[in-house]
Each structure stands twice: as structure tokens, then as C-alpha cells.
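Participant: Residue strings, one per chain:
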Amino acid sequence: MNRIPILRLGKALLVTIQVDMHDELALALEEDLTQKIWATGARGVLIDISALEVVDSFIGRMLHAIASVSRVLDAETVVVGMRPAVAITLVELGLELPGIRTALDVERGMALLSRRDDEGAEGDIERR
Amino acid sequence: MPDTQVAARLLTQNEATIIAEWLRLQEVGSGLGSGRISSAELRVQCDRFLTLLRRGLADGGEAVQDAAFTELRDMLRDLSRSRAIQGFTPTETATFVFALKEVLFGLLQQDAATAWVLSRLLDGLGLYTFESYQRAREEVIVRQQREIAELSTPVVKLWDGVLALPLIGTLDSERTQVVMENLLQNIVDLNAEIAIIDITGVPTVDTLVAQHLLKTIAAARLMGADCIISGIRPQIAQTMVHLGVDLNVVTKASLADAFALALRRVGQSVTRPALATRTGA
Numbered sequence: 001m002n003r004i005p006i007l008r009l010g011k012a013l014l015v016t017i018q019v020d021m022h023d024e025l026a027l028a029l030e031e032d033l034t035q036k037i038w039a040t041g042a043r044g045v046l047i048d049i050s051a052l053e054v055v056d057s058f059i060g061r062m063l064h065a066i067a068s069v070s071r072v073l074d075a076e077t078v079v080v081g082m083r084p085a086v087a088i089t090l091v092e093l094g095l096e097l098p099g100i101r102t103a104l105d106v107e108r109g110m111a112l113l114s115r116r117d118d119e120g121a122e123g124d125i126e127r128r
Numbered sequence: 129m130p131d132t133q134v135a136a137r138l139l140t141q142n143e144a145t146i147i148a149e150w151l152r153l154q155e156v157g158s159g160l161g162s163g164r165i166s167s168a169e170l171r172v173q174c175d176r177f178l179t180l181l182r183r184g185l186a187d188g189g190e191a192v193q194d195a196a197f198t199e200l201r202d203m204l205r206d207l208s209r210s211r212a213i214q215g216f217t218p219t220e221t222a223t224f225v226f227a228l229k230e231v232l233f234g235l236l237q238q239d240a241a242t243a244w245v246l247s248r249l250l251d252g253l254g255l256y257t258f259e260s261y262q263r264a265r266e267e268v269i270v271r272q273q274r275e276i277a278e279l280s281t282p283v284v285k286l287w288d289g290v291l292a293l294p295l296i297g298t299l300d301s302e303r304t305q306v307v308m309e310n311l312l313q314n315i316v317d318l319n320a321e322i323a324i325i326d327i328t329g330v331p332t333v334d335t336l337v338a339q340h341l342l343k344t345i346a347a348a349r350l351m352g353a354d355c356i357i358s359g360i361r362p363q364i365a366q367t368m369v370h371l372g373v374d375l376n377v378v379t380k381a382s383l384a385d386a387f388a389l390a391l392r393r394v395g396q397s398v399t400r401p402a403l404a405t406r407t408g409a
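Sequences listed follow chains F and X, in order. Residue numbers for the first sequence follow this note's numbering, beginning at 1 and rising by one. Residue numbers for the second sequence follow this note's numbering, beginning at 129 and rising by one.
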């Protein structure tokens, strides 16, 4: 079975979904990603779905699950590059993905993560 | 001889009288003096109508739906449509048929059976003009609605990464769909981080409109763009609070305020040049 590659980029993990997601693939991704976050101590997860043309409620829930799991492991999830049609579908399905950060493209997503990282670091210093 | 044949013969025998009288009644009864239609044109229409009616009757047609009257129905439909577009009222349009009834009844005083056949037929034809007229008007309305929907949802680029969407008019489901698609596509095309939705021109905001707005905002957020709502008028603010509508997004009183906030968010600021301050002082 194919797996979706997870790339490490500094303190973040980058997942680019370039094939049609079927349910098994989605489940495998969730599992792999959780492992990888735990193994690398990543602070952020970028999921690039700009190539994704079709989503269903399952994929929507999967994104939500990944975000929740990541948050437990102290990594923030940013979904980037969602297409208009996909966004409309998700909203119509009632999946507005609360708790997930979004960005227009990977570059801005990275900027968002590093900004959050900086703030987090300052917070740490202040606490000490 | 069947009543329809009697009626057909009557029309043939008195054609000239009928047409003259019919035209006279129409000129009195409908707004033909306003020059929307010439009397020569009207005469052609009357001739044609009478010919088709006679042919239909001779073929044994009794009711409007009969196959014998297909041509007549087509003719009436075209006529009603052109009247509707020329701006005639429904009454004026239907008078075209009803005036003929008056003429024929004058000729038919003794023959009750034929009068009944003709009366029913002409009533049916009159109603048919009305229906066609109505349909033509509705087509015009639908077309205009579509044009308005297309015209009234411009997406304006205010700055690099800042879009504005000035909404004007009532928001219904269909329009919101157009607005939403338009906005989201523009967010992608122009790579915009912030979209300002200005609702100064929206007359009322009820729960449905608010829901439509929220959907648009949620979709934009999913794509990674933030929305700011501006231009909520005092009455609308009150209505929204009383209805229990909670937009739960950043709102600003005016487009200018929203724009200032948007600029701050994208890391820009507007300042007066130092030179101007000096000359002013």
C-alpha cells in the first residue's frame, strides 16, 4: 500500500497530499504522523492539500483528528492551500475544522508556525 | 351541422365587418394610442388571428388545447410575449381576445349554441394570452435577477493581500453562493490574506443572512484567509443582537476602520509624510 511521505523541515513536519485520499490512506497517515511527531519532537505539522480536489466528511474528520492528536503532543497543525471548492464543501458538510490553523500556502504556513514558536520560546523564558 | 362549423362559416361570411369592429373596440379599450404598436401592425395580427381561428374551427377544434388550434396558440404566445416586452399591461394584452368576443356576440344574438362554443373558446384563448404574458414577464425578471447577481458582487483589491467585497442588496442562498465562490476564487488568485466584507448596502440582516455570511467566512478561514466585517448599520446591529445572531468575527464600523486593521495585520501602516506636518505647522 502506498504511504504519504512525511518530510521534516526544521521543527516542523511537512505532509503534501498529492494523490486522492482514500480512507485507508488517511488512517495510515494519521498513524504515521503521530509516530513521527512523537519521534522527532516536532512543534508543528503542515498539511498541504492544494492538490486535493475532492474531500468527504471522512477526510474532514481525519484532519480534525490529526490536529487534536498533534495538539496533545504539543505540535500545532496548519492546513495550507485548500481550494475554494473544497472549502465550500467542508462548510456545507458542517466541518468548519475549529482548532485548526489555516494558511494560503506553505510559505505562509511556515511563517505562522515560526511565529508561534518564537512566542512560545519567549513564554518559556518569562516563566523561568 | 356542428356548432363549430356554424361558427367558422359565420367568421368567413362577416370577416370584413368583424375586423373593422374588432379594431375599433381595441382602440377604445386598450392603450393603443400611446404608439407602442401601429394600427397597421395590429390589423395584421387581427387578420392572422381570425384566419387561424377559422381554420381551427373548421377542423373541428372546440377547446384551446385541441390540436386544431396549435398554430393559433403559437401565434398568441408570440403576441403575448411581444406585448409583455413592449410594456403593455395584462389587461391590454387580454383585451386583444376579449374584444373579439363582444363583436361576435353582436352577430350571434339568436344562436345560443354557437355563442356558447365561441364564448368558451375565446375565454380559453384570453386566459392563454394571460398565461403566456405572465411567463414572458417572469423570464424577464429571472434574467434581470441573474444580471443583478453578476453585477453586484465585485471583489476589489485594496492592497497587496487585502481584498474588499462590498455587498449590495439582499442576500439569499443563490446570491450567497455566487458571492462565496467569487470571493474564494479571488482569494486564491490574488493570494489575499485578509478579506473585508462590507455590508453597508445590505438592507436587512436576519438569521439566514447571518448564517450565509458565517459560511462564507468559515470557508475563507479554511483556505487561510481572515475576514473582517464592516459597515454594520446601527439598526442592523440592534436587530442582530435581538435575534440572538452572534457573528463571532472581527467587526468594524466602517470600511476605513477595517482597512486600517487589515493593513496592520499585513504589517503595513499609513503615515502622513513628515514634510506635510512641517508645512502644516
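Calculated directly from the structure, the hints in this document are not laboratory data. The model shown is predicted, which means the values in this text are computed figures rather than measured ones. Where hints are given, some of them may not hold.
[What the hints assert, rightly or not] Within a straight-line C-alpha distance of at most 25 Å, the following computed DMTMM-like cross-link-like pairs (lysine to aspartate or glutamate) qualify: (1) F/11 to F/118; (2) X/343 to F/74; (3) X/343 to X/354; (4) X/285 to F/119; (5) X/343 to F/92; (6) X/343 to F/105; (7) F/36 to F/24; (8) F/36 to F/23; (9) X/229 to X/278; (10) X/285 to X/302; (11) X/343 to F/31; (12) X/343 to F/48; (13) F/11 to F/31; (14) X/285 to X/385; (15) F/11 to F/105; (16) X/343 to F/53; (17) F/36 to F/119; (18) X/380 to F/96; (19) X/285 to X/259; (20) F/36 to F/48; (21) F/36 to F/74; (22) X/285 to F/31; (23) F/11 to F/23.
[Said to hold, decoys possible] If the Cβ cut is set under 10 Å, some of the chain X residues that face chain F in the computed set are: (24) 342; (25) 346; (26) 350; (27) 352; (28) 357; (29) 360; (30) 362.
Quick reminder that beta carbons are idealized off the backbone N, C-alpha and C, glycines included.
Participant: Indicate, hint by hint, whether the structure satisfies it.
Facilitator: These are the hints, each one checked on the structure:
Restraint check for residue 11 of chain F and residue 118 of chain F: satisfied, since their Cα atoms lie roughly 12 Å apart, inside the 25 Å limit. For a cut-off of 25 Å, the pair hint linking residue 343 of chain X to residue 74 of chain F is broken: about 30 Å separates their Cα positions. Taking the CA atoms of residue 343 of chain X and residue 354 of chain X, the gap is about 13 Å. The hint holds against a cut of 25 Å. Of the pairs offered as hints, the one joining residue 285 of chain X and residue 119 of chain F is violated, with about 31 Å between alpha carbons and a cut-off of 25 Å exceeded.
With a CA separation close to 8 Å, the supplied pair residue 343 of chain X and residue 92 of chain F stays within the 25 Å bound. With a C-alpha separation of about 21 Å, the suggested pair residue 343 of chain X and residue 105 of chain F falls inside the 25 Å cut-off, and the hint holds. Note on residue 36 of chain F and residue 24 of chain F: the hinted pairing holds, with a Cα-Cα distance of about 18 Å set against a maximum of 25 Å. Simply put, residue 36 of chain F and residue 23 of chain F have alpha-carbon atoms about 20 Å apart, close enough for the 25 Å limit, and the pair holds.
Using a Cα cut-off of 25 Å, the hinted pair residue 229 of chain X and residue 278 of chain X is violated, with the two alpha carbons roughly 46 Å apart. Distance check on the hinted pair: residue 285 of chain X and residue 302 of chain X sit about 24 Å apart at the alpha-carbon level, within 25 Å; holds. For the proposed pair residue 343 of chain X and residue 31 of chain F, the alpha carbon gap of about 31 Å is over 25 Å, so the pair is violated. Proposed proximity of residue 343 of chain X and residue 48 of chain F is supported: the alpha carbons are some 22 Å apart, at most 25 Å.
At roughly 19 Å between alpha-carbon atoms, residue 11 of chain F and residue 31 of chain F fall within 25 Å of each other, so this suggested pair holds. This hinted pair checks out: residue 285 of chain X and residue 385 of chain X have alpha carbons roughly 16 Å apart, not beyond 25 Å. Using a Cα cut-off of 25 Å, the hinted pair residue 11 of chain F and residue 105 of chain F holds, with the two alpha carbons roughly 18 Å apart. Of the pairs offered as hints, the one joining residue 343 of chain X and residue 53 of chain F holds, with about 20 Å between alpha carbons and a cut-off of 25 Å not exceeded.
In summary, the hint linking residue 36 of chain F to residue 119 of chain F is supported, as the alpha carbons are separated by about 24 Å, within the 25 Å threshold. Restraint check for residue 380 of chain X and residue 96 of chain F: the C-alpha separation of about 23 Å stays at or below 25 Å, so the hint holds. A distance of roughly 46 Å separates the Cα atoms of residue 285 of chain X and residue 259 of chain X; the hinted pair therefore is violated under the 25 Å criterion. As the CA atoms of residue 36 of chain F and residue 48 of chain F are separated by approximately 17 Å, the hinted pair is consistent with the 25 Å bound.
The straight-line distance between the Cα atoms of residue 36 of chain F and residue 74 of chain F is roughly 13 Å, inside the 25 Å bound, and the hint therefore holds. A threshold of 25 Å between alpha carbons decides the hint, and for residue 285 of chain X with residue 31 of chain F the separation of about 42 Å lies outside it, so the pair is violated. Annotation: proposed proximity of residue 11 of chain F to residue 23 of chain F is violated, straight-line Cα distance about 28 Å (limit 25 Å). With 10 Å as the threshold, the beta carbon of residue 342 of chain X comes within range of chain F, its nearest partner Cβ sitting at about 9 Å, so the hint holds.
The beta carbon of residue 346 of chain X is positioned within 10 Å of a beta carbon in chain F (closest approach about 4 Å), and the interface hint is therefore held. Residue-level restraint check for residue 350 of chain X holds (minimum Cβ-Cβ distance to chain F is 4 Å; threshold 10 Å). With a least beta-carbon distance of about 4 Å to chain F, the hint placing residue 352 of chain X at the interface is held under the 10 Å criterion. Because the beta carbon of residue 357 of chain X sits about 17 Å from the nearest beta carbon in chain F, more than 10 Å, this interface hint is broken.
Given hint, residue 360 of chain X at the interface with chain F, is violated; its Cβ is 22 Å from that chain's nearest Cβ, farther than 10 Å. This hint is violated: residue 362 of chain X has a C-beta 29 Å from the nearest C-beta of chain F, more than the 10 Å allowed.
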